[in-house]
Amino acid sequence: MGIEQMAPSSLLAFLPITVMMDELTREFLIESQEGLDRMERRLTELEERPRDGELLAEIFRSVHTIKGTTGFLGFSRLESLSHAGENLLGMLRDGKLVANAAIISALLALLDGLRAILTSIETDGSEGKSDGLNDDRAIIERLLDLQNGNLDSQHALAAAQAGCSDADRQPENPAKTPATAVDSTLRVDVHLLNRMMNLVGELVLTRNQILQATSADAGFTLLSRRLDMVTADMREAVMKARMQPVSHVFSKFPRLVRDLAQQLGKRVRLEMEGQETELDKSLLEAIKDPLTHAVRNSIDHGIEEPGARQEAGKPTEGLLKLRAYQDGSHVVVEVVDDGDGIRVEKVRDKAMERRLITPEKAAHLSERELLQLIFLPGFSTAAAVTNVSGRGVGMDVVRNNVEKIGGKVEIESRASKGTTLRLRIPLTLAIIPALIVRSRCQSFALPQGVLHELVHLSAEQTRSQIEWLEHAPLYRLRGRLLPLVFLERMLEQQEVAEEDAGCYIAVLNADGRRFGLVVNGLADPEEIVVKPLSPVLKKIGLFSGATVMGNGEMALILDPGALAVRASIGISNEEEKPQVAEEALRPDKSETEFLLVETGAEQAALRLGDVLRIERIPRARMERIGRTLVLRFEGTVLPLEDPSGILERQPEEGVEITVVVCRGGGRHVGIAVSNVLDVAAGAPLVEAGTEVIATGITLLKERVTSVVDLSRIPPLPAMEPENAIEAAFEVAV
Amino acid sequence: MSTVPEAGMERSACSVANEGVIELCSVRAGETTFGVPIMRILEILGAPAIQPVPLAPSYIGGLVHYRGEVLTAVSLRNLLAMPRYTGASDILVFEGPGGYFGLLVDAVGEVMTVMTGAVEANPSTLDDRRKALFAGACKLKDGLLVMLDPDRFDPVRLSHQSNWEG
Chain Z
1 MGIEQMAPSS LLAFLPITVM MDELTREFLI ESQEGLDRME RRLTELEERP RDGELLAEIF
61 RSVHTIKGTT GFLGFSRLES LSHAGENLLG MLRDGKLVAN AAIISALLAL LDGLRAILTS
121 IETDGSEGKS DGLNDDRAII ERLLDLQNGN LDSQHALAAA QAGCSDADRQ PENPAKTPAT
181 AVDSTLRVDV HLLNRMMNLV GELVLTRNQI LQATSADAGF TLLSRRLDMV TADMREAVMK
241 ARMQPVSHVF SKFPRLVRDL AQQLGKRVRL EMEGQETELD KSLLEAIKDP LTHAVRNSID
301 HGIEEPGARQ EAGKPTEGLL KLRAYQDGSH VVVEVVDDGD GIRVEKVRDK AMERRLITPE
361 KAAHLSEREL LQLIFLPGFS TAAAVTNVSG RGVGMDVVRN NVEKIGGKVE IESRASKGTT
421 LRLRIPLTLA IIPALIVRSR CQSFALPQGV LHELVHLSAE QTRSQIEWLE HAPLYRLRGR
481 LLPLVFLERM LEQQEVAEED AGCYIAVLNA DGRRFGLVVN GLADPEEIVV KPLSPVLKKI
541 GLFSGATVMG NGEMALILDP GALAVRASIG ISNEEEKPQV AEEALRPDKS ETEFLLVETG
601 AEQAALRLGD VLRIERIPRA RMERIGRTLV LRFEGTVLPL EDPSGILERQ PEEGVEITVV
661 VCRGGGRHVG IAVSNVLDVA AGAPLVEAGT EVIATGITLL KERVTSVVDL SRIPPLPAME
721 PENAIEAAFE VAV
Chain D
1 MSTVPEAGME RSACSVANEG VIELCSVRAG ETTFGVPIMR ILEILGAPAI QPVPLAPSYI
61 GGLVHYRGEV LTAVSLRNLL AMPRYTGASD ILVFEGPGGY FGLLVDAVGE VMTVMTGAVE
121 ANPSTLDDRR KALFAGACKL KDGLLVMLDP DRFDPVRLSH QSNWEG
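In order, the protein sequence lines correspond to chains Z and D.
So for the first sequence, my numbering puts the first residue at 1; every next one is plus one.
So for the second sequence, my numbering puts the first residue at 1; every next one is plus one.
Hints may be right or wrong, so weigh each one.
What the hints assert, rightly or not - Calculated cross-link-like contacts (lysine to aspartate or glutamate; reagent style DMTMM-like; alpha-carbon spacing at most 25 angstroms):
#1 Lys404(Z) / Glu69(D)
#2 Lys408(Z) / Glu334(Z)
#3 Lys240(Z) / Glu69(D)
#4 Lys539(Z) / Glu69(D)
#5 Lys538(Z) / Asp151(D)
#6 Lys539(Z) / Asp127(D)
#7 Lys531(Z) / Glu43(D)
#8 Lys404(Z) / Glu334(Z)
#9 Lys538(Z) / Glu120(D)
As the list claims (entries may be wrong) - Label-pair restraints from in silico Cβ distances:
#10 Met112(D) / Phe220(Z): 55 to 65 angstroms
#11 Ser120(Z) / Thr125(D): 47 to 57 angstroms
#12 His471(Z) / Arg130(D): 55 to 65 angstroms
#13 Asp217(Z) / Ala47(D): 23 to 33 angstroms
#14 Ala459(Z) / Ala47(D): 31 to 41 angstroms
#15 Ala218(Z) / Ala47(D): 27 to 37 angstroms
#16 Leu454(Z) / Arg157(D): 33 to 43 angstroms
Stated by the list, open to error - Here are some chain D residues pointing at chain Z (derived, C-beta under 7 angstroms):
#17 Leu45
#18 Pro54
#19 Pro150
Just so you know, the hints here were simulated from the structure itself, not pulled from any lab data.
Backbone N, C-alpha and C define an ideal beta-carbon position, used for all residues, glycine too.
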């Protein structure tokens, strides 16, 4: 141990290895890119308010700044392009021209040209050549033509010069306001933030060790508690520093929507909500592509052409809504369109045609389940887009990308009403809930998203209940065969086996591949911080990363999809859920399963067998007819029970209320609840002194809980047909 | 191969700023003593917990927790096809073009200063595997020291050369 500290060499680690382009150019690039982003947003706004002087001044400023700096740095292509743009913008600003679609398109083309050059400078330091793709002259001529559209060239020149000269003075005032915001913020390199995040993680681990080591000493305990608190605050602060509003991603959509709509001859209005919702920077990057994809799909396949819309009795202008909001520890991003929706029959036919599903199975699937088929890999091919009215191209890719960051994708669609695609993203990246499993004394992390249930087998059961079909191990899970994968065999682990103490089967569903992963033991679930693996180890293909656990030990993160593929587990399209429902419905079961809900301050239980689905429904869809509350739901009406007066307390139309839709007394009823808590098995209670089992209450999680009696909910004056909701049957667990 | 050791030394020589002298850290694996230029070592981890990686190439010693990062460590013993070491190993941390990596050795010895003139190219009688890994021999008063160039132990680089398996 000759050397413990090597100060000079470890300092090297903090210095960038590669030589960066000079500070000035880099600063210029960042600033210009920001300016162009702003310009892009403003240009689309300009289309609606072509005479807005402030907008014009801001756009002018973006171009003007670029022009000013480029001359100084000697980027001639940038200079000539931005000069031409500035002239046109000057005329617009001075009111000599009025912006129209042609002008805005030309300015957008200019923007793309400028961007391409900036990218080129960023990659190799030079502006690149003007060529067929980025033809500067064509852009400049286009701008000039537009300039001359109303005025002869001499006037134009004079006007342009006037524009230039007062550009230096005029913008000063409007520029004042944003300047204050800029003053209080600081640009930080993402790598530095990543490093800070790592160091904080390190700090947390060291803190854990200190807490353990000093627990005996009272004096130290106080100090280490303080360290504990400071560390926690610090971690939160660093995480917060990585957050960015979703507007960073949303901001590019006005342009995308405009271009696409124009290209396809459709009229689309874009509404964006919740732009201030914040998300971790790297997550934001990760959802950019899936979102773009979804928006394209909506415009391409969802929203109809104006004519078709008119025939369907809709406004000719389609509505595309991007909505972001925080929901607990998740951020939800929705892409909603009021287009034609996805035709479930066509999805089904396509899936059968592609042999993703057998006709028998298809007949049993609910509408909602059929819709999920579009996420199957192999469903989506270029042909599927046009043949199937709906979307489908790369939906599996969208789902994979979102699931990779621990998120989820949901889709809802009503024929001729529209489609909603919902991305559910965890608040912070890199931290995912995982179950720690043990195989031959080594810990591995299993992402909890794919985990459906756990089965424990004792040593005796392991021998008797794992069956073999030739070389394929199988387990009968509720009467159905589940293919098994032994982790220790899959990983060819050489370490000595632990003593035979039974095993656990983790029932997983990875991208539609259902299988049981057999492990030796389980540890507590943990929120783990994902660390990337070196390429050498990534090549193994079964691990998606590594993590340092709370106790300082490391664990490799298993990639369930890759495990399934390597074990050649096929894709099973059948959902297991309906069977669970059947079991819950079995009347002879002495312990019935209940859905535990919170209504106001109280808890109540609903028989799980009665529950059809759990939905968030806008308050606006709930109305009162006489003394009965009713709910409009999928084109039907059903009575709504509100035991704790949630509706009274939340009269605003916009809020969403959780409703449990149940089957009770031969019809469907909705129950408004404030929270869905859990699913638990209830034990029957016998009233003291009698042998009679109480009907209205049950013992649930060691608490006596009342069971909601569905048959007591008053019926509607006229009932809708029984099978109205049956079509969308799904047990929500 | 014989020209590479000079390149490795030049770098160390420059940073020491005293021409003709290199500072080496001696490490041991099996019976052999090796010399690693000190200026390349970021840190030495004494007896860290090493997590084995199933199915990894044999030259991978395992993963080590290093400053909040997961460090891939290459095992010098495995590379040289030496028998497995059961004692606690030390890890030298280096930085390569692809990020940090570690080199797993039996033990870290002392720091020594040697003259560049004392280093000779690999003897031609070494087997090919060793010729490719060693960066020359350093003549000390009381024996020989195998010179190591950390760049040759970068796992990313090793993975491009398939002959390290087994």
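Status of the hints after comparison with the structure:
Pair hint Lys404(Z) plus Glu69(D) holds up; C-alpha atoms about 20 angstroms apart against a cutoff of 25 angstroms. Between Lys408(Z) and Glu334(Z) the alpha-carbon distance is near 12 angstroms, which keeps this suggested pair within the 25 angstroms criterion. A distance of roughly 21 angstroms separates the Cα atoms of Lys240(Z) and Glu69(D); the hinted pair therefore holds under the 25 angstroms criterion. The suggested pairing of Lys539(Z) with Glu69(D) holds, with an alpha-carbon distance near 19 angstroms, which does not exceed 25 angstroms.
A C-alpha spacing of about 20 angstroms is found between Lys538(Z) and Asp151(D), which places the hinted pair at or below 25 angstroms, so the restraint holds. Among the hinted pairs, Lys539(Z) with Asp127(D) is inconsistent with the structure: their alpha-carbon atoms are about 29 angstroms apart, more than 25 angstroms. Under the criterion of a C-alpha separation no larger than 25 angstroms, the hint pairing Lys531(Z) with Glu43(D) is consistent with the structure, at around 20 angstroms. At roughly 18 angstroms between alpha-carbon atoms, Lys404(Z) and Glu334(Z) fall within 25 angstroms of each other, so this suggested pair holds.
For the given pair, Lys538(Z) sits about 38 angstroms from Glu120(D) by alpha-carbon distance, which is inconsistent with the 25 angstroms threshold. Checking the proposed 55 to 65 angstroms range against Met112(D) and Phe220(Z) shows it is violated: the Cβ atoms sit about 40 angstroms from each other. Take Ser120(Z) and Thr125(D): their Cβ atoms lie about 54 angstroms apart, and the range 47 to 57 angstroms holds. Our hint of 55 to 65 angstroms for His471(Z) and Arg130(D) is violated, since their Cβ atoms are close to 42 angstroms apart.
For Asp217(Z) and Ala47(D), the Cβ-Cβ distance of about 26 angstroms falls inside the hinted range of 23 to 33 angstroms, so the restraint holds. At about 36 angstroms, the beta-carbon gap between Ala459(Z) and Ala47(D) stays in the expected band of 31 to 41 angstroms. Between Ala218(Z) and Ala47(D) the Cβ separation comes to about 31 angstroms, which falls inside the hinted range of 27 to 37 angstroms. Restraint check, Leu454(Z) to Arg157(D): a C-beta distance of roughly 42 angstroms satisfies the suggested window 33 to 43 angstroms.
Taking 7 angstroms as the C-beta cut-off, the interface hint given for Leu45(D) is violated, the closest approach to chain Z being about 10 angstroms. Residue-level restraint check for Pro54(D) holds (minimum Cβ-Cβ distance to chain Z is 4 angstroms; threshold 7 angstroms). The interface hint given for Pro150(D) is violated, since its Cβ lies 11 angstroms from the closest Cβ of chain Z, which is over the 7 angstroms cut-off.
In summary, the numbered hints that this structure violates are 6, 9, 10, 12, 17 and 19.
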